[in-house]
Amino acid sequence: MNERRGPWYLLTGLLIGLALGVLYGWVVAPVSYTDTEPHTLRDDLKDEYRLLIALAHLANRDIPRAQTRLALLQDDNPADSLAAQAQRANAAGRSPEEVRALGQLAAVANAPAPGIPTAVPLTVYPTPSDTPPATATLPPAASATPTRTPVGNSPTPRNTATPAITGTITVTVTATRTPTPTSTALPSPTPTATPGTFILDSRILACSTTFTGPLLIVRTFAKNGNGVPGVEIILNWLDQEEHFFTGLKPEFGLGFADYQMTPGLTYTLRLADGSQLIPDITAEQCDPGNGILIWGTLELTFIQP
Amino acid sequence: MSRWIKFFLAILIGLSAGLYYAWLVNPVQVVDTTPDTLRIDYRADYTLMVAEIFEMEQDPAEAARRLGRLGSEPPAQIVQQAIIYYEQAALPVSAPQPDLARLIQLRDALQLWNPTTSEGTGGAP
Numbered sequence: 000m001n002e003r004r005g006p007w008y009l010l011t012g013l014l015i016g017l018a019l020g021v022l023y024g025w026v027v028a029p030v031s032y033t034d035t036e037p038h039t040l041r042d043d044l045k046d047e048y049r050l051l052i053a054l055a056h057l058a059n060r061d062i063p064r065a066q067t068r069l070a071l072l073q074d075d076n077p078a079d080s081l082a083a084q085a086q087r088a089n090a091a092g093r094s095p096e097e098v099r100a101l102g103q104l105a106a107v108a109n110a111p112a113p114g115i116p117t118a119v120p121l122t123v124y125p126t127p128s129d130t131p132p133a134t135a136t137l138p139p140a141a142s143a144t145p146t147r148t149p150v151g152n153s154p155t156p157r158n159t160a161t162p163a164i165t166g167t168i169t170v171t172v173t174a175t176r177t178p179t180p181t182s183t184a185l186p187s188p189t190p191t192a193t194p195g196t197f198i199l200d201s202r203i204l205a206c207s208t209t210f211t212g213p214l215l216i217v218r219t220f221a222k223n224g225n226g227v228p229g230v231e232i233i234l235n236w237l238d239q240e241e242h243f244f245t246g247l248k249p250e251f252g253l254g255f256a257d258y259q260m261t262p263g264l265t266y267t268l269r270l271a272d273g274s275q276l277i278p279d280i281t282a283e284q285c286d287p288g289n290g291i292l293i294w295g296t297l298e299l300t301f302i303q304p
Numbered sequence: 000m001s002r003w004i005k006f007f008l009a010i011l012i013g014l015s016a017g018l019y020y021a022w023l024v025n026p027v028q029v030v031d032t033t034p035d036t037l038r039i040d041y042r043a044d045y046t047l048m049v050a051e052i053f054e055m056e057q058d059p060a061e062a063a064r065r066l067g068r069l070g071s072e073p074p075a076q077i078v079q080q081a082i083i084y085y086e087q088a089a090l091p092v093s094a095p096q097p098d099l100a101r102l103i104q105l106r107d108a109l110q111l112w113n114p115t116t117s118e119g120t121g122g123a124p
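Which chain is which? The protein sequence lines are F and Z, in order.
If you use numbering that gives the first Met the number 0, the first sequence corresponds to residues 0 to 304, in order.
If you use numbering that gives the first Met the number 0, the second sequence corresponds to residues 0 to 124, in order.
FYI, nobody ran anything at the bench for these hints, they're computed from the structure.
Using N, Cα and C, we set each Cβ at its ideal position, and we do this for glycine too.
Where hints are given, some of them may not hold.
Computed footprint of chain Z on chain F; a stretch qualifies when at least three of its residues, placed anywhere within it, have a C-beta under 8 Å from a C-beta of chain Z [unchecked claim]:
1. 31–39
2. 231–238
3. 259–272
Only some residues are given here: those of chain F computed to face chain Z with a beta carbon under 8 Å [claimed, not checked]:
4. L9
5. G24
6. L44
7. L57
8. A58
9. R202
10. C206
11. S207
Build the full structure now, drawing on both the sequences and the hints.
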């Protein structure tokens, strides 16, 4: 009788084994995610994490630290991600501070930062072997002593060095940094807007096909010639108002901002830092040389005297 | 070899095949996680970022809202965990005193902060 059963019982055993494995994995001990890394966060939470990095950078001006933190998100191009998020935030009506923070960090996110080690945030992050950490009791500090082990699989910051940003104007970033990141806030080489210090240097109607449509371009430069990101620009027309910022398109320069004008409207522009009012801004047509009129690009350049 | 032995061997082979597939061939790809699952060092740095921002904004309600992403514990306790982490793991090596000071400042502010009487978002989501 036994001989007539054949080898099917082996297949039955295999199937039972597989079923037991799935039952164990799904019911008895299902996957629970712990000890994850920032790059695994959901996209909207990554945006939130990126915003935190930008706001923290706005507070401490510590570029290496911000770059190290950005590297944890493993974006292909951190500057692009920040700039895109800044534009989304601006379009969504988020606070100017958030947009400015994202824009300013976008401007320096890919700047060369020599000497950043392959460490996770900050300088030394030993990981206690037992997670979660010791139960916190509000002061005084708890007495648990975690075993220290070096962090082994920390992501490597992937800052691609792009010292020169080429657009219509070439701006060279000359940032000097400490070779190894420290936990103390470093003075930032980022040029930042100082209230009320910009004056209009030039107002040019460019008739080129580089930019399309009736475009308004604003450029802001520091005294040393570097573009200044994060400058808030306020445009008024009729009873409406629009805010935008320099530095959200770092590929055109750190102090670059643009706005698509509507033909027939007359705008008034000012920088939020209280610089002079620039009236009578309108979309104008021009002839690039072939006899066909196109919408020109009005370029306003502001400098710090 | 008896049939029973062969049968249990088949079960073991099936289990092994399942684990080989699950761990080596097609391992779990962790995506779409939330900040409360972050490793302790990342949680500590997340908390430190909140403390750095708090130093500038001085807004405990906003800090509490941000810390709420790290779990349902009271915000001051989350900060205390980060302080413990830095005190025990990082401080002896790198001595980030300013960071520790920021965290302590945030913890103290959150201990005094009362979400029911303050303006703003009123605490963690």
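Against the structure, the hints come out as follows:
no.	hint	in the structure
1	31–39	holds (count 7)
2	231–238	violated (count 0)
3	259–272	violated (count 0)
4	L9	holds (4 Å)
5	G24	holds (7 Å)
6	L44	holds (6 Å)
7	L57	holds (7 Å)
8	A58	holds (4 Å)
9	R202	violated (35 Å)
10	C206	violated (44 Å)
11	S207	violated (41 Å)
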